[in-house]
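Spelled out from the first residue to the last, the chains are:
Protein chains: 2
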Amino acid sequence: MSRDLKAELMVKIQDDLGRIENSLGKNLNANLDLARKIAGHLLFSNGKRLRPLLMINSAKMCGYHERGESARSLIDFSIVFEYLHAATLLHDDVIDEADMRRGAKAAHKVWPVPEVILTGDFLLARSLSITAETQNLEIVSTIARITEEMSQGEIDQLNQKGRLDLSEEDYLSIIRRKTAVLIEGACKCGALLANALKEKTDALLNYGHNLGMAFQMADDLLDYTADAKALGKNLGADLREGKLTLPLIKTLQRADKKDKAIIKNVFENPEFTKKEFDELVLMIHKYKGVSHTQKKAMEHVVNAKTFLEIFEPSEQKDLLTMLADYSVTRKV
Amino acid sequence: MSRDLKAELMVKIQDDLGRIENSLGKNLNANLDLARKIAGHLLFSNGKRLRPLLMINSAKMCGYHERGESARSLIDFSIVFEYLHAATLLHDDVIDEADMRRGAKAAHKVWPVPEVILTGDFLLARSLSITAETQNLEIVSTIARITEEMSQGEIDQLNQKGRLDLSEEDYLSIIRRKTAVLIEGACKCGALLANALKEKTDALLNYGHNLGMAFQMADDLLDYTADAKALGKNLGADLREGKLTLPLIKTLQRADKKDKAIIKNVFENPEFTKKEFDELVLMIHKYKGVSHTQKKAMEHVVNAKTFLEIFEPSEQKDLLTMLADYSVTRKV
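The listed protein sequences correspond, in order, to chains A and B.
Numbering follows this note's numbering, in which position 194 of the first sequence is assigned residue number 194; successive positions increment by one, without gaps.
Numbering follows this note's numbering, in which position 150 of the second sequence is assigned residue number 150; successive positions increment by one, without gaps.
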């Protein structure tokens with residue numbers, strides 16, 4: 001099922017994907033050899049390009065047509081969302097001392113930390129320049145707000161690292177700012193570029209919000225349930241970094257005293273063994289932390305698709321529907 | 001002379017300074033306790049507020065009047081230039097492993113590096129939000145370009161660390177992006193906010209460019225000639241970080257083989273002694289590296305003031321003239 005969905009998706013997006021890859025490379029200043037290498041290392045290692053694809057298809061669904069005179073094409077603006085994402089990942093991986101990312105070594109394991117920090121800064125700055133070229137004040141304000149919210153979310157997440165008493169509400173607030181804000185912003189900016197009516201713009205924002213929440217929940221689940229090789233990074237990375245996510249939050253709520261103590265012990269010892277981790281995963285299944293997370297993610301997917309209902313049938317609407325489904329069925 | 005100039009300047013700017021301090025604090029989100037502390041540590045430790053002052057006085061000289069309905073006052077927008085500056089300093093000090101800044105410990109010597117990196121990101125993001133609120137596309141584009149140029153300059157500077165063959169041209173290109181771009185941007189944005197004619201906007205940009213170049217040259221000179229206690233950081237910090245600046249570049253051009261070897265030895269050994277450093281300073285005086293840098297800085301001050309000639313006499317014009325003079329006579 002998931003494999004079929006993925007194959008069908010790939011056929012639909014391959015033209016746009018090619019154009020996105022091309023624009024991602026073109027917009028890195030050729031004078032900055034090192035930054036280009038570092039950004040390219042991350043940008044071209046199996047990124048899903050979810051955010052640019054959402055922006056492009058949102059715009060087209062709202063009737064955007066390329067105009068010859070437009071200073072920047074839709075594709076060129078779409079990469080803002082990939083650059084902003086990459087900028088965050090570069091700084092995140094430095095801060096979390098992460099080893100792996102997308103099946104490759106994290107950038108700061110290949111290049112010195114100063115270079116990686118500055119490359120993150122550069123990608124953020126480059127995004128702003130591309131955004132300014134749209135000459136659209138609503139888009140500029142949206143990107144500014146996204147950047148600020150993401151930054152606040154990062155600080156929040158850092159402050160809450162190592163907290164075992166994180167509530168489901170705290171978690172939702174973190175993933176909203178960490179992930180959903182950028183994804184909903186991509187969808188909203190697509191609508192704005194197409195001069196869509198407020199009703200449609202809001203619908204796409206809400207679609208994106210729900211997709212983003214579902215996507216991050218599924219991502220957090222993969223850290224406990226995926227095949228490590230396919231995932232391209234070690235399992236249990238969140239746990240090792242002291243980040244509590246929904247599967248474990250729910251498990252902690254339901255666990256008895258003895259099991260809670262076992263979880264606490266693993267959580268507080270980042271050097272936990274594979275055996276200890278496997279035991280924890282069994283516990284997350286036993287207390288239905290996995291199924292609870294799947295259920296919450298599915299609710300968001302259903303909500304996301306509901307917000308597409310006001311749009312006429314179109315190729316893009318089909319694609320956005322499939323992307324919502326894909327966000328929770330993906331295995332990597 | 002310099003003391004008198006400073007005293008006279010302080011009288012002229014004290015009202016604006018008070019308002020700037022107030023706005024700097026107000027615009028740090030109260031929910032972000034740690035970021036507020038970190039940003040505040042740097043922001044409120046003897047900053048000169050040169051950039052906000054330049055923006056405010058440029059706007060007023062071009063006839064800007066506060067309007068009751070304006071979403072953000074001139075003062076509130078002016079702090080963008082202090083936040084952008086502070087964001088750069090926070091990341092810079094992490095990258096350079098600097099110990100001191102403005103007479104206090106560098107932020108990353110008081111708080112963990114991850115927190116300091118994210119606070120830098122937050123200040124940048126906050127600047128963009130304040131900028132977007134001006135709803136002025138030219139200002140947005142100017143800030144975006146500044147951010148990108150500064151980021152490219154940081155990467156360039158990092159790439160050129162440790163290079164003893166840096167030319168005067170390389171140096172000028174680095175300080176332009178590191179310092180002048182933000183200062184000229186502050187002056188230009190003041191003109192833009194006041195809807196000044198292109199001629200005046202360009203004149204202020206050129207004034208700011210020359211002031212910025214002079215300011216950085218004077219700053220680089222202080223690293224060799226200042227009183228360490230008054231400067232608030234150790235002398236020779238640039239040298240220790242492998243950063244070649246104009247006084248030493250000129251000295252290297254003129255030094256004989258024996259003296260060049262001595263300089264090379266100190267440059268390649270960041271653990272140099274006070275005695276070795278003092279010897280190097282004598283050499284910089286002997287080969288007129290100091291007077292060459294002073295001369296170049298003075299040329300920029302003269303240029304800066306020339307660009308003010310098209311403006312009618314005003315209190316602000318006097319102040320901008322004094323700031324140009326102050327940029328090269330300051331002792332700290």
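Keep in mind that a hint or two might mislead.
Pairs involving identical chains hold if they fit within one copy or between any two copies, as the list cannot separate such chains.
Think about it this way: if two alpha-carbon atoms lie no more than 25 Å apart in a straight line, the pair counts; the simulated SDA-like pairs of lysine to any residue are [said to hold, decoys possible]: (1) Lys109 to Ala98; (2) Lys178 to Val113; (3) Lys286 to Arg330; (4) Lys264 to Val302; (5) Lys48 to Glu299; (6) Lys26 to Asn159; (7) Lys37 to Asn159; (8) Lys109 to Glu241; (9) Lys286 to Met322; (10) Lys109 to Lys161; (11) Lys198 to Leu137; (12) Lys288 to Asp325; (13) Lys48 to Ala7; (14) Lys26 to Asp325; (15) Lys161 to Thr142; (16) Lys260 to Ser73; (17) Lys288 to Gly103; (18) Lys37 to Asp170; (19) Lys275 to Gly236; (20) Lys109 to Arg254; (21) Lys317 to Glu97; (22) Lys37 to Arg145; (23) Lys37 to Glu97; (24) Lys109 to Gly162; (25) Lys161 to Pro114; (26) Lys305 to Ser129; (27) Lys286 to Gln135; (28) Lys161 to Thr306; (29) Lys317 to Glu168; (30) Lys37 to Ala104.
The hints are simulated quantities; they were obtained by calculation from the structure and are not laboratory data.
Hints, one by one, checked against the model:
{"no.": "1", "hint": "Lys109 to Ala98", "result": "both (9 Å within a copy, 23 Å between copies)"}
{"no.": "2", "hint": "Lys178 to Val113", "result": "both (22 Å within a copy, 20 Å between copies)"}
{"no.": "3", "hint": "Lys286 to Arg330", "result": "within (23 Å within a copy, 69 Å between copies)"}
{"no.": "4", "hint": "Lys264 to Val302", "result": "neither (34 Å within a copy, 67 Å between copies)"}
{"no.": "5", "hint": "Lys48 to Glu299", "result": "within (23 Å within a copy, 53 Å between copies)"}
{"no.": "6", "hint": "Lys26 to Asn159", "result": "between (37 Å within a copy, 22 Å between copies)"}
{"no.": "7", "hint": "Lys37 to Asn159", "result": "between (31 Å within a copy, 13 Å between copies)"}
{"no.": "8", "hint": "Lys109 to Glu241", "result": "both (17 Å within a copy, 23 Å between copies)"}
{"no.": "9", "hint": "Lys286 to Met322", "result": "neither (31 Å within a copy, 73 Å between copies)"}
{"no.": "10", "hint": "Lys109 to Lys161", "result": "both (22 Å within a copy, 21 Å between copies)"}
{"no.": "11", "hint": "Lys198 to Leu137", "result": "both (15 Å within a copy, 22 Å between copies)"}
{"no.": "12", "hint": "Lys288 to Asp325", "result": "within (22 Å within a copy, 71 Å between copies)"}
{"no.": "13", "hint": "Lys48 to Ala7", "result": "within (14 Å within a copy, 59 Å between copies)"}
{"no.": "14", "hint": "Lys26 to Asp325", "result": "neither (32 Å within a copy, 43 Å between copies)"}
{"no.": "15", "hint": "Lys161 to Thr142", "result": "neither (28 Å within a copy, 37 Å between copies)"}
{"no.": "16", "hint": "Lys260 to Ser73", "result": "neither (53 Å within a copy, 54 Å between copies)"}
{"no.": "17", "hint": "Lys288 to Gly103", "result": "neither (29 Å within a copy, 55 Å between copies)"}
{"no.": "18", "hint": "Lys37 to Asp170", "result": "between (37 Å within a copy, 22 Å between copies)"}
{"no.": "19", "hint": "Lys275 to Gly236", "result": "within (12 Å within a copy, 53 Å between copies)"}
{"no.": "20", "hint": "Lys109 to Arg254", "result": "neither (38 Å within a copy, 42 Å between copies)"}
{"no.": "21", "hint": "Lys317 to Glu97", "result": "neither (39 Å within a copy, 51 Å between copies)"}
{"no.": "22", "hint": "Lys37 to Arg145", "result": "between (29 Å within a copy, 22 Å between copies)"}
{"no.": "23", "hint": "Lys37 to Glu97", "result": "both (20 Å within a copy, 24 Å between copies)"}
{"no.": "24", "hint": "Lys109 to Gly162", "result": "both (24 Å within a copy, 22 Å between copies)"}
{"no.": "25", "hint": "Lys161 to Pro114", "result": "both (23 Å within a copy, 12 Å between copies)"}
{"no.": "26", "hint": "Lys305 to Ser129", "result": "neither (33 Å within a copy, 31 Å between copies)"}
{"no.": "27", "hint": "Lys286 to Gln135", "result": "neither (53 Å within a copy, 54 Å between copies)"}
{"no.": "28", "hint": "Lys161 to Thr306", "result": "neither (34 Å within a copy, 55 Å between copies)"}
{"no.": "29", "hint": "Lys317 to Glu168", "result": "neither (32 Å within a copy, 58 Å between copies)"}
{"no.": "30", "hint": "Lys37 to Ala104", "result": "within (14 Å within a copy, 36 Å between copies)"}
Checked against the numbered hints given earlier, the structure breaks hints 4, 9, 14, 15, 16, 17, 20, 21, 26, 27, 28 and 29 and satisfies all the rest.
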